[in-house]
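Here are the chains, one letter per residue:
Protein chains: 2
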Amino acid sequence: MKSGDSTTIDVPEPSGVPKGKAHAVVTSTSQQRGGWKKGVAITDFVLRLGGIVAGLSAAATMGTSDQSLPFFTQFFQFEASYDDMPTFEFFLIAMSIVSGYLVLSLPFSIVAIVRPHAAGPRIFLLIMDIVALTLTTSAAAAAAAVVYLAHNGNSSSNWLAICNQFGDFCQKISGAVVAAFVTVVVFVFLILISALALRKH
Amino acid sequence: MKSGDSTTIDVPEPSGVPKGKAHAVVTSTSQQRGGWKKGVAITDFVLRLGGIVAGLSAAATMGTSDQSLPFFTQFFQFEASYDDMPTFEFFLIAMSIVSGYLVLSLPFSIVAIVRPHAAGPRIFLLIMDIVALTLTTSAAAAAAAVVYLAHNGNSSSNWLAICNQFGDFCQKISGAVVAAFVTVVVFVFLILISALALRKH
Chain S
-14 MKSGDSTTID
-4 VPEPSGVPKG
6 KAHAVVTSTS
16 QQRGGWKKGV
26 AITDFVLRLG
36 GIVAGLSAAA
46 TMGTSDQSLP
56 FFTQFFQFEA
66 SYDDMPTFEF
76 FLIAMSIVSG
86 YLVLSLPFSI
96 VAIVRPHAAG
106 PRIFLLIMDI
116 VALTLTTSAA
126 AAAAAVVYLA
136 HNGNSSSNWL
146 AICNQFGDFC
156 QKISGAVVAA
166 FVTVVVFVFL
176 ILISALALRK
186 H
Chain P
-14 MKSGDSTTID
-4 VPEPSGVPKG
6 KAHAVVTSTS
16 QQRGGWKKGV
26 AITDFVLRLG
36 GIVAGLSAAA
46 TMGTSDQSLP
56 FFTQFFQFEA
66 SYDDMPTFEF
76 FLIAMSIVSG
86 YLVLSLPFSI
96 VAIVRPHAAG
106 PRIFLLIMDI
116 VALTLTTSAA
126 AAAAAVVYLA
136 HNGNSSSNWL
146 AICNQFGDFC
156 QKISGAVVAA
166 FVTVVVFVFL
176 ILISALALRK
186 H
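Line by line, the protein sequences are chains S and P.
-14 is the number of the first residue of the first sequence in our numbering; add one for each residue after it.
-14 is the number of the first residue of the second sequence in our numbering; add one for each residue after it.
Simulated from the structure, these hints should not be mistaken for lab results.
This structure is a prediction, so every number in the text was calculated from the model and none was measured.
Which copy is meant is left open, because identical chains are indistinguishable; a pair holds if it fits in one copy or across any two.
Distance condition first, Cα-Cα at most 20 Å in a straight line; then the derived SDA-like pairs of lysine to any residue:
1. K157 / S142
2. K157 / S141
3. K23 / L34
Start from the sequences, fold in the hints, and give me the full structure.
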């Protein structure tokens, strides 16, 4: 009776311990996966902040690019500004829209931090990010093509380089294009992160 | 005892029927989801075929854009070609790379059709698609900016429109830009489909 009592005590113990262990393992793995998703959401938020800085500086640099030469004739003053070129106007508008979208997307990114497993805000952000990536890339590339022409000109179409006269203007628009390409890189990482966070876990 | 026996028979019956029903529902939903993923993979494949057509036609149109004017002087012949402009050379190279990538991505797309639940080829395609989208968009936008200048010129920088002289050349490069933007739209849908197919199911 003593040994029988000890066996009946022994039997539930080993079957109880693995159950407890298994439960603990499952819980910790689930928590790790939740933590991984939360880390991804925080990275998403930080990348968005960086994108806002890059996008706003691109828009501001382009918007303030304006140079007047110190000499002028009676009828004409030599001046270069972004609004002489439709491409640069498109650049300014596109970068303003993208920066505004990034600011408005911050609340959704915070929701993704608070609820790492909610798919709704993540899909919304992914779709909008793809649209914003396309807009930013097109603005940056179009401005880069015109900046290249401004620096080097083109002999076969008789387009002369204007950066000899407007050096400060050219430096500013070149800086704006670089900032826009930084924004493009930010969006590429944002889309990659969103897509991988949407994976089945 | 009679009523006790009937209750013990009644109890397992209602608990057994919902179990069988629940199992059948789970199986059919899982099959529906598998079929949904297969449909997405087939759409992916068809979109890639359309992207190849658009990308190759953009590259071919740009590569054959070449116009000589019917008059020439003793020292100079008036000719417009894509290789006068670095932007158009970049366009041709980028669209060739993108078309080649799309052809090489077809086997991975077929793997995704055969195995709709495999995440590996889908993640690979997603990453490469994002890179290809950025490349295509930048080529299309840069070429579009220069095509706009060729059509309209720019008065403040004294760049004259060249499309008055080279009408056929301008038509060809405009067509190439349109085809490139069609490729951009194809890539946007490809990325969206890949990301949604990666969702947890």
